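Student: We have chain A; now place chain U onto it with these hints.
So the protein sequences, as listed, match chains A and U. Numbering-wise, the first sequence is residues 1 to 312 according to my numbering. Numbering-wise, the second sequence is residues 1 to 293 according to my numbering.
Just so you know, these hints were derived from the structure itself, not from any lab. These numbers were taken from a predicted model, which means no experiment stands behind them. Keep in mind that a hint or two might mislead.
To be verified - Some chain U residues well away from chain A (every beta-carbon gap over 12 Å; in silico):
#, residue
1, ALA46
2, LEU62
3, GLY76
4, LEU100
5, LEU130
6, VAL133
7, ILE142
8, PHE185
9, GLY193
10, LEU233
11, ARG252
12, VAL271
13, ASN277
Claimed, not checked - Simulated coverage check for chain U against chain A, where a stretch passes if three residues somewhere in it have a Cβ under 8 Å from a Cβ of chain A:
#, segment
14, 221-228
15, 240-249
16, 255-265
We treat Cβ as the ideally placed atom computed from N, Cα and C, and that holds for glycine.
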Amino acid sequence: MGRQIVHRLLVSFPALLGVLFLCFCLLQVVPADPAMIIAGPEAKAETIAAIRNELGLDRPIPIQFAEYIGRVLRGDLGRSIISNKMVSEELALTIGPTVELMLGAMLIAVPCGLALGTFAAVRRGRLSDRIIMAISVAGVSMPVFFIGLILIQYVGFKWGLLPFTGRTGPIWDGGLPSLVLPALTLGLVLIGPIARLTRTAVLEVLGADFVRTARAKGLRETVVIIHHALRNALIPVVTLIGLQAAFLLGGAVVTETMFSWPGVGRLAVGAIVSSDFPTAQGAIMILAIAFLTINLLVDVLYVYLDPRVQRS
Amino acid sequence: MSVEALNAPAAETSGPLSRSGVLHRLARDKVAAVAALVLTLIALSAVFAPVVAPYDPYLTDLTKVMQPPSAEHWFGTDNTGRDILSRVIYGTRNTLMLGLIGVVIGGLLGGLLGILAAYYPRADGWIMRLVDVMLAFPAILIGLAVAAVAGAGLGAVVIALVVATVPDVARVARGAAVGVMGQEFMEAGRAVGVSDRTLIWRYLTLNCISTIFVFLTLRFGQIILIGSALGFLGMGAQPPTAELGMMAAQGRDFLFMAPHIATIPSCAIFVIVLAANLLGDALRDVLDPRLQT
Chain A
1 MGRQIVHRLL
11 VSFPALLGVL
21 FLCFCLLQVV
31 PADPAMIIAG
41 PEAKAETIAA
51 IRNELGLDRP
61 IPIQFAEYIG
71 RVLRGDLGRS
81 IISNKMVSEE
91 LALTIGPTVE
101 LMLGAMLIAV
111 PCGLALGTFA
121 AVRRGRLSDR
131 IIMAISVAGV
141 SMPVFFIGLI
151 LIQYVGFKWG
161 LLPFTGRTGP
171 IWDGGLPSLV
181 LPALTLGLVL
191 IGPIARLTRT
201 AVLEVLGADF
211 VRTARAKGLR
221 ETVVIIHHAL
231 RNALIPVVTL
241 IGLQAAFLLG
251 GAVVTETMFS
261 WPGVGRLAVG
271 AIVSSDFPTA
281 QGAIMILAIA
291 FLTINLLVDV
301 LYVYLDPRVQ
311 RS
Chain U
1 MSVEALNAPA
11 AETSGPLSRS
21 GVLHRLARDK
31 VAAVAALVLT
41 LIALSAVFAP
51 VVAPYDPYLT
61 DLTKVMQPPS
71 AEHWFGTDNT
81 GRDILSRVIY
91 GTRNTLMLGL
101 IGVVIGGLLG
111 GLLGILAAYY
121 PRADGWIMRL
131 VDVMLAFPAI
141 LIGLAVAAVA
151 GAGLGAVVIA
161 LVVATVPDVA
171 RVARGAAVGV
181 MGQEFMEAGR
191 AVGVSDRTLI
201 WRYLTLNCIS
211 TIFVFLTLRF
221 GQIILIGSAL
231 GFLGMGAQPP
241 TAELGMMAAQ
251 GRDFLFMAPH
261 IATIPSCAIF
271 VIVLAANLLG
281 DALRDVLDPR
291 LQT
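Excised from the complex, chain A in its bound form:
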């Protein structure tokens, strides 16, 4: 298993390098000269030249890229043009809330999706199966912000049940109520695809010989379904969750913007709107690395769930 993980890490290295290169290019092709922005509109030519020299903008591109990787490894992502704070410090503040939001969403989506999908598979062809599948198709087709708008409008505003702007603090410090609506918004979108795939996977497993054997030896139906069918059906479902990572990340950006959730996505959107290139680039890089990490975790989990992958 260790070798598998090392191999996977090596494979994701080119992707990581690609991500870094594209992020580096982002700063290169920006129409405005960063040195001029930092120096201000009335700066003298010498001042701009000095800043260019200080930033290393007058050196050849490959050397700049190598230096850039060095800086990233040291955690130096430059300074925000707007707030003049270190980008890494601003990012450090936002990573926690984003992880919290994503975990919260998964905590809602995965159990609900698994339960609904399994239930639909067991009740195949009946009314409840059709209703669950109809809801899941509808869920897949729903824009994230639509769900958010409805939740804000009703749960947040009309009924006044939960807060819907900002984050009041970490979960362990009374922040749970402010997390519920954003996490629910993001989680509800994911239930559909998870339920759909779980249903297909469970149906496939339910026809397998070992399930028939389990039934034949007189195991209770719930044991058969949970221990034999669902456990084996989890493998494709985990893959799907990996594939949904892009969706989760994109959804998180939208959700954070809607709920003024102080995460990486909102930071990125805000930075782009205010042309704060270093911050935008740092935030985009962190999001891309997060995406790679989620996929890596999914692969590791895959090996754990399906020992056959190890042997192959």
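Tutor: Using the frame of chain A, we list chain U on its own:
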């Protein structure tokens, strides 16, 4: 055996698209038929927007601000008194166009990459590495990155949607093409000296096209969702251009006073994507059940 004779079996089995009765089988599926009808109506009204829209979508009327739906304005008016129905019709036009451009350009590029990767084993590794790197950037991030560099606008969204489509299509196309490469007629074609170009186009591509087409139909809804999310984030169409995602974002500021301004465009997106997804599912079942998950 002549080259023409060799082509015949390839074309015959050229995939389920050429099977007769596809439309017939689709029409028997009631859900798919309704979805197709709804999509056709939406597409027609988008194409003929200037004729169908009851008002000018950009005409502001400050005496009729934030009116709820009524007989005069079916979907009500927005915060500057513009008719929401007309704006939704024009917005649908832009949203559909974005989705189509993304799927068509992304499909062509991705299909080409996938097929070339399957045909030239030497290029395979490189192409697939490139695809992996592209996959490392979720579409929304691409949109954000392009908007950061070139400024927000429809162009940024188009690039994001194309980049979002290419890697997945490339993988599906490669998978299908690798299957076709193993078939005997490919070997036979090579043996009688058919040129690479003919082999790639007539033997390989035509046999993969239905798989790629079905996959793109399935992706269309997702692409529209990504496009409208970017619009919602303010990275796409800029006001006053009507685009459904951006209209929803603008309506958000008036959510508590006039919820219809934000919910109606969101609902429109939902209906379009739902119809596209249902139709895509049905098409897949008829044309290419292998893609089923």
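Student: Each hint should be assessed against the structure and marked as holding or not.
Tutor: Outcome of the hint check:
no.: 1; hint: ALA46; verdict: holds, 18 Å
no.: 2; hint: LEU62; verdict: holds, 25 Å
no.: 3; hint: GLY76; verdict: holds, 15 Å
no.: 4; hint: LEU100; verdict: holds, 17 Å
no.: 5; hint: LEU130; verdict: violated, 8 Å
no.: 6; hint: VAL133; verdict: violated, 3 Å
no.: 7; hint: ILE142; verdict: violated, 9 Å
no.: 8; hint: PHE185; verdict: holds, 31 Å
no.: 9; hint: GLY193; verdict: holds, 38 Å
no.: 10; hint: LEU233; verdict: violated, 5 Å
no.: 11; hint: ARG252; verdict: violated, 7 Å
no.: 12; hint: VAL271; verdict: violated, 8 Å
no.: 13; hint: ASN277; verdict: violated, 5 Å
no.: 14; hint: 221-228; verdict: holds (count 4)
no.: 15; hint: 240-249; verdict: holds (count 3)
no.: 16; hint: 255-265; verdict: holds (count 5)
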